[in-house]
Amino acid sequence: MNSYFGYVRVSTVKQGEKGSSLGEQRAAIEAYAQRHGLVISEWFEELETAAKQGRPVFTRMLNALQAGKARGVITHKIDRSARNLKDWAMLGDLIDRGTEMHFAHESIDLTSRGGRLSADIQAVVAADYVRNLRDEVRKGFYGRLKQGLYPLQAPVGYLDQGGGRPKIIDPIRGPLVRKVFDLYATGTWSLQTIAEEMRRQGLRTKAGNPISKSGFSTILNNPFYIGIIRIDKTNEAYSGVHDPLVKKETFDRVRGILRGRVTHRQQHRFRYQRLLQCAACGHSLTAEQQKGRVYYRCHTRACPTTTVREDRIDELLREHTLCFRLNDADLDDLRHDIDAVVVEAKATILEEKKALELLLAAVDARLGKLTDAYIDQVIERELYEPRKEKLLDERANIISRSSALEHGEDPTRSRADKMFELVKTLRYMPFFDSDNDLREILKNTTSNLSVSRKNLVIHWRNPFAAMISDDVVRLGGPHRAELRTFKARICKALIEYIQEGLPVEMSEAEKENIRESRVSLARGQ
274 MNSYFGYVRV STVKQGEKGS SLGEQRAAIE AYAQRHGLVI SEWFEELETA AKQGRPVFTR
334 MLNALQAGKA RGVITHKIDR SARNLKDWAM LGDLIDRGTE MHFAHESIDL TSRGGRLSAD
394 IQAVVAADYV RNLRDEVRKG FYGRLKQGLY PLQAPVGYLD QGGGRPKIID PIRGPLVRKV
454 FDLYATGTWS LQTIAEEMRR QGLRTKAGNP ISKSGFSTIL NNPFYIGIIR IDKTNEAYSG
514 VHDPLVKKET FDRVRGILRG RVTHRQQHRF RYQRLLQCAA CGHSLTAEQQ KGRVYYRCHT
574 RACPTTTVRE DRIDELLREH TLCFRLNDAD LDDLRHDIDA VVVEAKATIL EEKKALELLL
634 AAVDARLGKL TDAYIDQVIE RELYEPRKEK LLDERANIIS RSSALEHGED PTRSRADKMF
694 ELVKTLRYMP FFDSDNDLRE ILKNTTSNLS VSRKNLVIHW RNPFAAMISD DVVRLGGPHR
754 AELRTFKARI CKALIEYIQE GLPVEMSEAE KENIRESRVS LARGQ
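If you read the sequence shown in my numbering, its first letter stands for residue 274, the second for the next number, and so on.
Simulated from the structure, these hints should not be mistaken for lab results.
Some hints here could point you the wrong way.
So the derived label-pair ranges between C-beta atoms look like this [unchecked claim]:
no. : residue 1 : residue 2 : range
1   : A575      : G529      : 34 to 44 Å
2   : G481      : K716      : 35 to 45 Å
3   : G481      : R734      : 40 to 50 Å
4   : K716      : T644      : 36 to 46 Å
5   : T466      : R528      : 13 to 23 Å
6   : N721      : R411      : 54 to 64 Å
7   : R370      : H309      : 18 to 28 Å
8   : V651      : T719      : 49 to 59 Å
9   : G435      : R528      : 24 to 34 Å
Here are the computed lysine to aspartate or glutamate pairs in the DMTMM-like style, where the Cα-Cα straight-line distance is at most 20 Å [what the hints assert, rightly or not]:
no. : residue 1 : residue 2
10  : K350      : E379
11  : K419      : D505
12  : K691      : D455
13  : K727      : E592
14  : K663      : E509
15  : K727      : E583
16  : K727      : D587
17  : K691      : D606
18  : K486      : E469
19  : K564      : E583
20  : K727      : E588
21  : K564      : D587
22  : K452      : E469
23  : K642      : D666
24  : K691      : E769
25  : K661      : E509
26  : K486      : E470
27  : K506      : E655
28  : K716      : D690
29  : K419      : D516
30  : K661      : D637
31  : K642      : E667
32  : K359      : D393
33  : K626      : E667
34  : K697      : D603
35  : K663      : D505
36  : K350      : D393
37  : K342      : E373
38  : K412      : D505
39  : K452      : D525
40  : K697      : E713
Backbone N, C-alpha and C fix where the C-beta goes; we use that ideal spot for every residue, glycine too.
Generate coordinates for the entire structure from the input sequences, incorporating the hints supplied.
This is the structure we're talking about:
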């Protein structure tokens with residue numbers, strides 16, 4: 274056959290979309306064929322680098338040449354055909370068997386010894402260029418990672434800001450991604466139900482497509498959202514300078530559910546499912562639906578508690594919540610009383626901020642020492658990577674705690690606000706339209722819900738137990754030291770509850786790290 278193949282290639286999809294490089298190559302090849310009287314029977318266009326093997330279009334062309342479907346191939350230059358020596362060797366084998374190869378931009382006669390040597394030298398130079406380019410790209414890639422910058426496309430929930438700048442939180446998709454973590458951390462949502470819910474709320478990929486179930490699994494497993502950059506291909510981790518989107522404790526709980534360490538519960542089907550216990554035997558009541566009604570049954574034999582209807586529990590719950598007699602004026606008085614506690618707590622929070630700064634410096638110092646030991650080949654990579662990941666995890670936890678305080682998340686104030694909000698909603702709890710909201714309120718305000726025969730027994734948590742009005746004023750010798758007024762009793766319970774939200778005291782290991790950091794700073798290390 275006197276026909277020839279035309280082969281053109283660009284290294285990236287963007288180059289192919291622009292079309293300039295492909296068009297210029299094609300025009301040069303057509304002009305060369307016309308000058309030499311060659312007929313091009315088929316074109317092969319490829320958007321793939323020649324530095325690696327496995328180009329599908331190039332492989333298909335070689336197979337066609339081996340089958341004798343064309344006399345030869347015309348390409349623009351040597352580096353358009355091959356930049357790795359194995360592919361050039363395959364072309365050389367075809368040339369040895371009589372296949373012609375022409376270059377539109379280079380005057381090389383491959384039938385002569387000198388021309389073949391010149392082509393071989395150019396192929397070696399092209400391969401060396403690729404190796405050097407790969408090293409430079411790798412050097413720049415890891416240079417960005419060491420700076421805490423993610424050199425790849427931002428994950429869902431973040432936006433790219435150009436080279437050399439950290440990713441920023443997407444104001445639209447960011448809150449939705451945070452909600453994905455919050456929902457899954459409850460243990461009542463599966464990947465499938467989250468995918469359906471987020472589809473309704475409009476969470477999409479950057480291309481505008483709905484996120485699949487496996488896509489949400491990738492999001493929930495990505496530590497980028499807590500400030501850690503992980504390269505999956507090499508299993509390496511780096512500390513990022515971007516703002517975390519998710520709290521460390523939320524991410525840890527999600528990771529525990531994904532890995533099976535925390536039980537994942539499916540969404541409740543019934544209103545009080547897994548909330549009610551039998552007061553007689555202590556076993557959980559099982560929810561059943563019969564003839565359009567929901568019953569909660571104890572399956573212990575000879576137990577006096579047999580069944581209770583769901584609407585009966587609604588009525589009893591309504592009666593119990595009437596005991597909360599506090600109105601808005603009472604709540605305002607209580608807010609005034611606890612303001613002093615909140616002010617005192619701020620001093621503790623400032624101390625924790627300073628302690629966290631020292632602790633972060635201590636972790637950074639340990640990371641530096643670990644990296645130096647790895648560079649000096651004191652420890653192997655198999656030991657270096659797990660230790661580094663553990664320190665990065667610890668660092669993310671410190672940053673999460675510090676960020677919460679830095680952005681005004683006052684633990685005492687937030688607990689007080691949450692408590693007052695719960696008190697306001699308790700009276701209306703039996704009338705909630707959402708069973709999920711009802712269950713959430715009960716979990717936050719009660720320690721136990723049990724059924725004794727047909728009656729509901731509620732053990733309220735503090736401070737809600739102290740808010741139940743009993744209209745009893747204890748007088749006389751035996752009760753002289755006790756609180757005499759209802760509001761005083763509530764105020765005491767509130768203060769105890771709010772003080773539980775103060776920053777947790779640091780562990781001995783964290784204190785030791787701070788001491789080591791201070792010593793290192795004093796020595797000028």
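Hint check results:
1. In this structure the hint that A575 and G529 lie 34 to 44 Å apart at CB holds, the actual value being about 40 Å.
2. Checked against the given bound of 35 to 45 Å, the beta carbons of G481 and K716, roughly 38 Å apart, stay inside it.
3. The hinted window of 40 to 50 Å between G481 and R734 holds, with their beta carbons roughly 46 Å apart.
4. A C-beta distance of roughly 45 Å is found between K716 and T644, which places it inside the suggested range of 36 to 46 Å.
5. At about 19 Å, the CB distance of T466 to R528 agrees with the hint of 13 to 23 Å.
6. The hint said 54 to 64 Å for the Cβ distance between N721 and R411, and at roughly 60 Å that hint holds.
7. Checked against the hint of 18 to 28 Å, the pair R370 and H309 passes, with Cβ atoms roughly 22 Å apart.
8. Between V651 and T719 the CB atoms are about 56 Å apart, so this pair conforms to the stated range of 49 to 59 Å.
9. As the Cβ distance of G435 to R528 is approximately 31 Å, the hint placing it in 24 to 34 Å holds.
10. A distance of roughly 6 Å separates the Cα atoms of K350 and E379; the hinted pair therefore holds under the 20 Å criterion.
11. With a C-alpha separation of about 16 Å, the suggested pair K419 and D505 falls inside the 20 Å cut-off, and the hint holds.
12. Between the alpha carbons of K691 and D455 the distance comes to roughly 17 Å, so the proposed pair stays at or under 20 Å and holds.
13. Between K727 and E592 the CA atoms are separated by roughly 14 Å; this keeps the pair inside 20 Å, and the hint holds.
14. Pair hint K663 plus E509 holds up; C-alpha atoms about 12 Å apart against a cutoff of 20 Å.
15. Between the alpha carbons of K727 and E583 the distance comes to roughly 11 Å, so the proposed pair stays at or under 20 Å and holds.
16. Straight-line distance between C-alpha atoms of K727 and D587 comes to about 12 Å, which keeps the hinted pair within the 20 Å bound.
17. Annotation: proposed proximity of K691 to D606 holds, straight-line Cα distance about 17 Å (limit 20 Å).
18. Distance check on the hinted pair: K486 and E469 sit about 9 Å apart at the alpha-carbon level, within 20 Å; holds.
19. For the hint linking K564 to E583, the alpha-carbon distance of about 13 Å falls within 20 Å, and the restraint holds.
20. Between the alpha carbons of K727 and E588 the distance comes to roughly 11 Å, so the proposed pair stays at or under 20 Å and holds.
21. For the proposed pair K564 and D587, the alpha carbon gap of about 19 Å is at most 20 Å, so the pair holds.
22. Distance restraint check for K452 and E469: the Cα-Cα separation of roughly 13 Å lies within the 20 Å cut-off, and the hinted pair is therefore satisfied.
23. The hinted pair formed by K642 and D666 meets the criterion: a straight-line CA distance of about 17 Å does not exceed 20 Å.
24. In summary, the hint linking K691 to E769 is supported, as the alpha carbons are separated by about 15 Å, within the 20 Å threshold.
25. For the proposed pair K661 and E509, the alpha carbon gap of about 9 Å is at most 20 Å, so the pair holds.
26. A distance of roughly 11 Å separates the Cα atoms of K486 and E470; the hinted pair therefore holds under the 20 Å criterion.
27. For the proposed pair K506 and E655, the alpha carbon gap of about 15 Å is at most 20 Å, so the pair holds.
28. With a C-alpha separation of about 17 Å, the suggested pair K716 and D690 falls inside the 20 Å cut-off, and the hint holds.
29. Straight-line distance between C-alpha atoms of K419 and D516 comes to about 16 Å, which keeps the hinted pair within the 20 Å bound.
30. In summary, the hint linking K661 to D637 is supported, as the alpha carbons are separated by about 11 Å, within the 20 Å threshold.
31. Between K642 and E667 the alpha-carbon distance is near 16 Å, which keeps this suggested pair within the 20 Å criterion.
32. For the given pair, K359 sits about 12 Å from D393 by alpha-carbon distance, which is consistent with the 20 Å threshold.
33. Of the pairs offered as hints, the one joining K626 and E667 holds, with about 16 Å between alpha carbons and a cut-off of 20 Å not exceeded.
34. For the hint linking K697 to D603, the alpha-carbon distance of about 11 Å falls within 20 Å, and the restraint holds.
35. Of the supplied pair hints, the one linking K663 and D505 holds, its CA atoms being roughly 16 Å apart against a limit of 20 Å.
36. This hinted pair checks out: K350 and D393 have alpha carbons roughly 13 Å apart, not beyond 20 Å.
37. Distance hint between K342 and E373 is fulfilled; the C-alpha atoms sit about 12 Å from each other, no more than 20 Å.
38. Between the alpha carbons of K412 and D505 the distance comes to roughly 18 Å, so the proposed pair stays at or under 20 Å and holds.
39. Of the pairs offered as hints, the one joining K452 and D525 holds, with about 15 Å between alpha carbons and a cut-off of 20 Å not exceeded.
40. The straight-line distance between the Cα atoms of K697 and E713 is roughly 15 Å, inside the 20 Å bound, and the hint therefore holds.
Going through the hint list in order, the structure satisfies each hint without exception.
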